[in-house]
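Chain A is already provided as a structure; the job is to place chain B on it using the hints.
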Amino acid sequence: MRAAFDGLGRFADPWLLILTSLADGPRHGYAIMTDIAAFSGVRMEPGSLYGALSRLERRGWVRPLDTAGRRRPYQITAAGQEILAEQVTTMQQIVQVARLRTGMAWGA
Amino acid sequence: MRPGLAERLSRALVSWHPRRWRDRYGEEVLDVLDQHQPTARTVANLWASAVSAQLDPAWRTDRLLLPRLRRAALIAAVAAASLAPVLSLIGYQAWRDDQWHPAAGENLLSAGFSAHAAILVTAFGQAIDGTDMV
Numbered sequence: 001m002r003a004a005f006d007g008l009g010r011f012a013d014p015w016l017l018i019l020t021s022l023a024d025g026p027r028h029g030y031a032i033m034t035d036i037a038a039f040s041g042v043r044m045e046p047g048s049l050y051g052a053l054s055r056l057e058r059r060g061w062v063r064p065l066d067t068a069g070r071r072r073p074y075q076i077t078a079a080g081q082e083i084l085a086e087q088v089t090t091m092q093q094i095v096q097v098a099r100l101r102t103g104m105a106w107g108a
Numbered sequence: 001m002r003p004g005l006a007e008r009l010s011r012a013l014v015s016w017h018p019r020r021w022r023d024r025y026g027e028e029v030l031d032v033l034d035q036h037q038p039t040a041r042t043v044a045n046l047w048a049s050a051v052s053a054q055l056d057p058a059w060r061t062d063r064l065l066l067p068r069l070r071r072a073a074l075i076a077a078v079a080a081a082s083l084a085p086v087l088s089l090i091g092y093q094a095w096r097d098d099q100w101h102p103a104a105g106e107n108l109l110s111a112g113f114s115a116h117a118a119i120l121v122t123a124f125g126q127a128i129d130g131t132d133m134v
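So the protein lines, in turn, are chains A and B. Position 31, counted from 1, in the first sequence is what our numbering calls 31; the numbers after and before it change by one each time, with no gaps. Position 106, counted from 1, in the second sequence is what our numbering calls 106; the numbers after and before it change by one each time, with no gaps.
Everything labelled a hint here was simulated from the structure, so no lab data went into it. Even for Gly, the Cβ is constructed at its ideal location relative to N, Cα and C. Some hints here could point you the wrong way.
Quick look at which bits of chain B chain A covers, simulated, 3 or more residues with Cβ under 8 Å [said to hold, decoys possible]:
hint	stretch
1	17-31
2	35-48
Chain A stretches covered by chain B per the calculated footprint, using a threshold of three residues with CB under 8 Å from any CB of chain B [stated by the list, open to error]:
hint	stretch
3	21-30
4	51-60
5	68-76
Okay, the calculated beta carbon distance ranges per label pair [unchecked claim]:
hint	chain 1	residue 1	chain 2	residue 2	range
6	B	Q35	A	R63	20 to 26 Å
7	B	W47	A	Q75	27 to 33 Å
8	B	P57	A	E86	26 to 32 Å
Just chain B, with the same shape it has in the complex:
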């Protein structure tokens, strides 16, 4: 790799690091590159550094992190809302088939959640705590 190209690539790769990393170390690294003769090894090393910093939670900015968290929370809420009626229906069926006996006073919603354990009992032949139920 020609020295001029290696130098241009090295400087470009500094800008590939997360903003917080650049705010903290960017000028220092550029100063080092002013004195250092970049080679292909320097380019590969800075590329690996950029990837590592992008994956490091310590360098992620809030601006990038918060939308991801909001999206994950929204997906989890939609998934939970979609599964709730299905689980309730399964629980009601299980209750009607007398596969298990909900405690007195439990309503349909609690039956739905309890049925989840009943399904596990059917699948594995024992309750979650290991007691034989079948």
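Isolated chain A (complex conformation):
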């Protein structure tokens, strides 16, 4: 699974943000954009959002649900949850080492 994530290259960040946004339930495109802006401060544009969504769909990490008007919600899949959990674990390890090496206290 790690090898699959390594292949994302420069798209890793949008994918991670989208998977994080969908982790607590399905959202449509604009709701994903506003949610990402709220929790990360990243203002994702529509071109980047749908480029990343199409790749996530192809990898089977998200799936589209039935449309509600022109809006189509997306849902994270079990494989998407697995890759997100793995990535978060890796990030936690990096943060832990960074805190130890810089002398930062937990919760600071």
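For chain B alone, kept in the frame of chain A given last:
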């Protein structure tokens, strides 16, 4: 960039994406643009998306792909047909000069193809498999 211009350009750029991409995501992106305030950044982002989608084989339509494949096959066939007599002639000359010895029973056509290896031998001093031939 003025907001009105950015919005018009953004909507135009959605139509620059491949037809299959528009069929799948076009309405959704237009819906997002209805709620989003497009800026110059939005325009640049959609332009990059359109270029990326046009280059992505997954979004190319058969209508665009098949003529390209047919044209490539035709060019390859014409090139092969043009080279065949030349290679045969080179092979025949090589055979006559006794630079190599075709196996008994080989005809001129096979000599032509075999001569290709002979030319490589002459150029590099060894056969393709690395054995010294000179």
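Hint by hint, here is what the structure shows:
| no. | hint | result |
| --- | --- | --- |
| 1 | 17-31 | holds (count 8) |
| 2 | 35-48 | holds (count 8) |
| 3 | 21-30 | holds (count 3) |
| 4 | 51-60 | holds (count 4) |
| 5 | 68-76 | holds (count 4) |
| 6 | B:Q35 / A:R63: 20 to 26 Å | holds (23 Å) |
| 7 | B:W47 / A:Q75: 27 to 33 Å | holds (30 Å) |
| 8 | B:P57 / A:E86: 26 to 32 Å | holds (29 Å) |
In the structure shown, no violation is registered for any of the earlier numbered hints.
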